[in-house]
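Novice: So you can see what is in the structure, the chains are spelled out below.
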Amino acid sequence: MPSPPDPPSFFRARRTHRYRPARKNGTRPFRPIGAPLTETIDVTLSALMAAAQDGDSRAYQALLRACVPLATATIRRQGIPPDRIEDVLQDVLLTIHRARATYDPRRPFLPWLRAIAQRRAIDALRRRYRQAATEIQDEAATLATPDTAADADDTLAQADRAHELAAAVRALPPGQRQAVELLALQEHSLEQAAAETGRTKVALKVNLHRAIHALRRKLAEGGHV
Amino acid sequence: MSDALIARLAGDLQPIHRLAAPWTRAALWLCAALWLAGILALFTDFTALSHRLMAAPDMGLAAIGAVLTGMLAAVAAFMTSVPGRSAWWAALPAPALVLWLAASGAGCLRTDAIGWTKPEGAMHPMACLYFIVLVSAPLAGLLVWQIMRACPLRPALTASLAGLASAGTAAALLTLIHPFDATATDLTAHFVAVGLVVVGVRLLGATRVT
Numbered sequence: 001m002p003s004p005p006d007p008p009s010f011f012r013a014r015r016t017h018r019y020r021p022a023r024k025n026g027t028r029p030f031r032p033i034g035a036p037l038t039e040t041i042d043v044t045l046s047a048l049m050a051a052a053q054d055g056d057s058r059a060y061q062a063l064l065r066a067c068v069p070l071a072t073a074t075i076r077r078q079g080i081p082p083d084r085i086e087d088v089l090q091d092v093l094l095t096i097h098r099a100r101a102t103y104d105p106r107r108p109f110l111p112w113l114r115a116i117a118q119r120r121a122i123d124a125l126r127r128r129y130r131q132a133a134t135e136i137q138d139e140a141a142t143l144a145t146p147d148t149a150a151d152a153d154d155t156l157a158q159a160d161r162a163h164e165l166a167a168a169v170r171a172l173p174p175g176q177r178q179a180v181e182l183l184a185l186q187e188h189s190l191e192q193a194a195a196e197t198g199r200t201k202v203a204l205k206v207n208l209h210r211a212i213h214a215l216r217r218k219l220a221e222g223g224h225v
Numbered sequence: 001m002s003d004a005l006i007a008r009l010a011g012d013l014q015p016i017h018r019l020a021a022p023w024t025r026a027a028l029w030l031c032a033a034l035w036l037a038g039i040l041a042l043f044t045d046f047t048a049l050s051h052r053l054m055a056a057p058d059m060g061l062a063a064i065g066a067v068l069t070g071m072l073a074a075v076a077a078f079m080t081s082v083p084g085r086s087a088w089w090a091a092l093p094a095p096a097l098v099l100w101l102a103a104s105g106a107g108c109l110r111t112d113a114i115g116w117t118k119p120e121g122a123m124h125p126m127a128c129l130y131f132i133v134l135v136s137a138p139l140a141g142l143l144v145w146q147i148m149r150a151c152p153l154r155p156a157l158t159a160s161l162a163g164l165a166s167a168g169t170a171a172a173l174l175t176l177i178h179p180f181d182a183t184a185t186d187l188t189a190h191f192v193a194v195g196l197v198v199v200g201v202r203l204l205g206a207t208r209v210t
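Protein sequence lines, in the order shown, are assigned to chains H and R.
Residue numbers are given in our numbering: position 225 of the first sequence equals residue 225, and the series is strictly consecutive.
Residue numbers are given in our numbering: position 29 of the second sequence equals residue 29, and the series is strictly consecutive.
Among these hints, one or two may not hold up.
[Said to hold, decoys possible] Ranges between beta-carbon positions, derived for each pair:
no.	chain 1	residue 1	chain 2	residue 2	range
1	H	GLN78	R	ALA94	38 to 48 Å
2	H	ALA159	R	ASP12	50 to 60 Å
3	H	LYS201	R	PRO138	14 to 24 Å
4	R	ALA91	H	GLU221	56 to 66 Å
5	R	ALA87	H	ALA101	54 to 64 Å
[To be verified] When the alpha-carbon atoms are kept at most 25 Å apart in a straight line, the in silico SDA-like pairs for lysine to any residue are as follows:
no.	chain 1	residue 1	chain 2	residue 2
6	H	LYS201	R	ARG8
7	H	LYS201	R	PRO155
8	H	LYS201	R	ALA90
9	H	LYS201	R	LEU5
Because the hints were derived from the structure by calculation, they are not lab data.
Computed from a predicted structure; not experimentally measured.
Even glycine gets a Cβ: it sits at the ideal position worked out from N, Cα and C.
One chain only, chain H, in its complex shape (with noise of 0.2 Å):
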């Protein structure tokens, strides 16, 4: 029986490299052709973020962008939905700034890449957690969800309720009444009501906040809540 063929050389330079270690200046050196892809890419971003540390601005941008596909596997890998995963790797961009100055151009760039990745799809999936359990969700989801097994009273009711309900978000400010009707009533996802307003996802999930109690108190007032 013939022997299996010898592995490429990529896997045997795969199983025995080491990093080499760090010149006298603090970076390190580049591998010869034929070096291991993660090492290669790894000391790539390495010299691109030690540029970027002396204000280089173009290997700022080609990192990020390096950087995108990498952290979007990683997000992924965590369990973070697909709607989400653009806003939690805009987080992790946004950790990379304000990290940059700790990393270490003799440390490989790749696990602090992971690492920052992983925390925030962490934070990301505790956030949404919680989120899930607050009330306002719940009065959201209550207002936009109506009951379709009331009897005619209720359906008469509940029209009534509806008519006040219409009325009460009408007269909401405009910021307010945006949020209401495309988070709560046309159920868009926070990305596309930011993309369709022009306003931060922040600032909408405040004012639909702010609206929800609105509206409760309006309610209230009427005799409905």
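Go by the hints and put chain R onto chain H.
Specialist: Positioned in the frame of chain H, the structure of chain R alone reads:
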């Protein structure tokens, strides 16, 4: 949307100074603690201190445990404040903390067993508590300020370690002016103070270091 953000971040880019290694920053903080120790040393009766330490070696061990807890917790706080460093660094002060607790507990049991009476001049337990809290405050403030310059991804863990570093160092400094065996009440006051500092720094510091 990421493209727009990348363009904005790259457009506003300024050169920055790389942060010194966590060991170096921890050493700077320890220098500040040493400076504080130098001031307290002016009021220390070293003859009485050496007699007490020779008579009660567990007290010396407890002081060494407190010093090591403070130092190692500071190193761990700086390590965990840098992305990419393992969260296991948080376990660094654990052996010193065990030594501190065990030696303090042993001293306390011994004083209870021999029916030790508190000498004149020994501090009231509440005074020990105030000392630890008050001395910890500037040390914790400095540590949190240093950590704010990094980017802790686990702010609660890093802030708790900062609290432990400050409280451990303050408890070690207390030995300089309070070289007496701890009674159960003293020990409780010491560890309540340490707990207060750790929880306080965790609550206040975690929001600042993020």
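Novice: Evaluate each hint against the coordinates.
Specialist: Structure-based check of all given hints:
A beta carbon spacing of about 28 Å between GLN78 (chain H) and ALA94 (chain R) contradicts the range 38 to 48 Å that was offered as a hint. Taking the beta carbon of each, ALA159 (chain H) and ASP12 (chain R) are about 53 Å apart, inside 50 to 60 Å as hinted. Separated by about 39 Å at the C-beta atoms, LYS201 (chain H) and PRO138 (chain R) break the suggested range of 14 to 24 Å. Checked against the given bound of 56 to 66 Å, the beta carbons of ALA91 (chain R) and GLU221 (chain H), roughly 57 Å apart, stay inside it.
Checked against the hint of 54 to 64 Å, the C-beta distance between ALA87 (chain R) and ALA101 (chain H) comes to roughly 21 Å, which is inconsistent with it. Pair hint LYS201 (chain H) plus ARG8 (chain R) holds up; C-alpha atoms about 18 Å apart against a cutoff of 25 Å. About 24 Å separates the Cα atoms of LYS201 (chain H) and PRO155 (chain R), which keeps this hinted pair within 25 Å; it holds. Between LYS201 (chain H) and ALA90 (chain R), the direct Cα distance comes to roughly 35 Å. Violation of the 25 Å bound is thereby established for this hinted pair.
Of the supplied pair hints, the one linking LYS201 (chain H) and LEU5 (chain R) holds, its CA atoms being roughly 14 Å apart against a limit of 25 Å.
In summary, the numbered hints that this structure violates are 1, 3, 5 and 8.
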